[in-house]
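Number of protein chains: 2
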Amino acid sequence: MDTQRTGPRARTGAVEPGAGRSRGRDVPPATVARLPGYVRVLRSLSQDGVVTTSSEELAAGAGVTPAQLRKDLSFLGSYGRRGVGYDVVHLSEQISVALGLTTQRRVVIVGIGNLGHALASYSVFAERGFAVVGLIDADPAVVGTTVAGLVVQPSSALSDVVSAADATIGIIATPAAVAQDVCTALVAAGVVGILTFAPRALRVPPHVDLRAVDVASELQILAFHDHRRTGTGA
Amino acid sequence: MDTQRTGPRARTGAVEPGAGRSRGRDVPPATVARLPGYVRVLRSLSQDGVVTTSSEELAAGAGVTPAQLRKDLSFLGSYGRRGVGYDVVHLSEQISVALGLTTQRRVVIVGIGNLGHALASYSVFAERGFAVVGLIDADPAVVGTTVAGLVVQPSSALSDVVSAADATIGIIATPAAVAQDVCTALVAAGVVGILTFAPRALRVPPHVDLRAVDVASELQILAFHDHRRTGTGA
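Those protein sequences? They're chains A and B, same order as listed. For what it's worth, this note's numbering labels the leading residue of the first sequence as 1, then goes sequentially. For what it's worth, this note's numbering labels the leading residue of the second sequence as 1, then goes sequentially.
One or more hints might be untrue.
Quick look at which bits of chain B chain A covers, simulated, 3 or more residues with Cβ under 8 Å [stated by the list, open to error]:
1. 96-102
2. 120-134
3. 182-196
4. 215-227
Derived from the structure by calculation, the hints contain no laboratory data. Please read these numbers as outputs of a predicted model, since none were measured by experiment. Ideal Cβ placement from N, Cα and C applies to all residues, glycine included.
With the sequences and hints as input, model every part of the structure.
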């Protein structure tokens with residue numbers, strides 16, 4: 001095991017803490033996007049008592065091809081062992097370290113409508129290492145109510161909530177019209193990662209990462225394929 | 001305008017109704033994924049009374065580079081006119097036709113928990129050409145309740161609801177453990193596009209398109225970048 005640990009670690013320069021872009025290979029964004037899926041499958045296998053897995057089994061569980069999986073894992077220096085496969089716990093740990101999931105990250109949600117409610121109550125966040133530590137809404141009727149064990153705070157408290165909880169990630173679940181203002185306020189308060197559900201493009205400074213989930217656009221992409229296939233509307 | 005209409009149309013073979021993959025250029029998936037964003041910005045410009053737009057303005061609104069925008073639109077045969085730019089209404093219409101958004105598509109949502117509630121009530125769906133026509137849940141306490149004007153039906157009614165409403169798209173907002181069974185039932189009922197929020201990989205036959213939104217994975221991707229930058233947990 002010692003060799004296995006040292007080997008991979010020595011090759012993961014690009015994703016080790018403090019490693020600059022100049023060291024080792026960068027992990028491509030598409031690979032980063034698939035890593036959480038591998039962790040999910042590995043944890044599920046581990047819960048079922050599975051000790052080793054093959055690239056075929058892991059790939060099938062994650063919905064990718066075995067070739068894609070092997071390539072993705074090669075960026076982390078994980079190659080498995082011929083005839084043995086991957087050690088489930090070790091690989092899960094290795095990917096989690098690469099993703100920075102070994103420390104809990106604190107999240108603030110802005111916009112406690114239906115979607116904000118759903119996100120505040122989403123148990124999978126906790127399972128994956130995220131703690132929702134603050135809820136913010138602009139509506140006086142919502143402020144002061146308790147959602148998922150947290151009292152909703154007014155917009156004016158955003159900066160204080162972020163600082164007090166040392167939150168590094170903000171989720172925007174507001175209407176599109178106010179999303180940029182909320183985004184700017186979150187950045188000013190110190191968050192470095194933003195996940196937005198608002199259907200509009202947002203601007204963030206270079207040091208802040210932005211991920212956008214646009215549910216209506218996802219449906220439009222499905223409609224495109226349906227349209228191409230059927231050649232008609234419905 | 002006639003030339004503009006004929007020109008582009010003649011070049012959009014790959015996305016015209018009934019066009020096979022062999023005709024013209026295929027539209028790359030990444031381009032398809034960006035088209036809804038362009039429609040969103042164009043509609044917003046149109047509402048503000050703007051008649052023509054530049055690739056710079058449109059790109060900025062959609063959060064892409066002008067070069068990316070021009071390349072994406074070239075797949076639809078839309079090149080704009082030097083010194084004039086793009087006709088806002090015409091381009092919006094052209095992309096909408098390519099995406100198949102000119103006909104309303106009917107959507108069934110399975111799993112009416114917090115997230116299903118939020119999706120059922122999401123007004124942006126209607127604005128973008130989608131009608132939620134059916135809600136399904138397995139919980140007897142939820143079945144029979146009215147959400148967003150629709151009465152929630154039991155799982156046993158899934159096939160009937162899909163057929164009766166002629167729904168072509170299904171949204172899965174159930175817990176991960178039952179997502180594959182729901183997916184299989186939706187496919188059997190005749191939907192050809194599925195959008196899933198369940199945090200697990202799903203299998204669909206080749207004629208069905210699957211889009212997956214995994215909110216916790218989005219946070220994990222943000223955590224990865226934070227981790228690389230700070231070199232620490234929090």
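Checked hints:
1. 96-102: Since three or more residues must qualify, the claim that chain A covers the segment 96-102 of chain B holds, with 5 doing so at under 8 Å.
2. 120-134: It holds: at least three residues are needed, and the segment 120-134 of chain B offers 8 whose Cβ sits within less than 8 Å of chain A.
3. 182-196: Contact hint for the segment 182-196 of chain B vs chain A: holds, 4 residues under 8 Å.
4. 215-227: holds (count 13)
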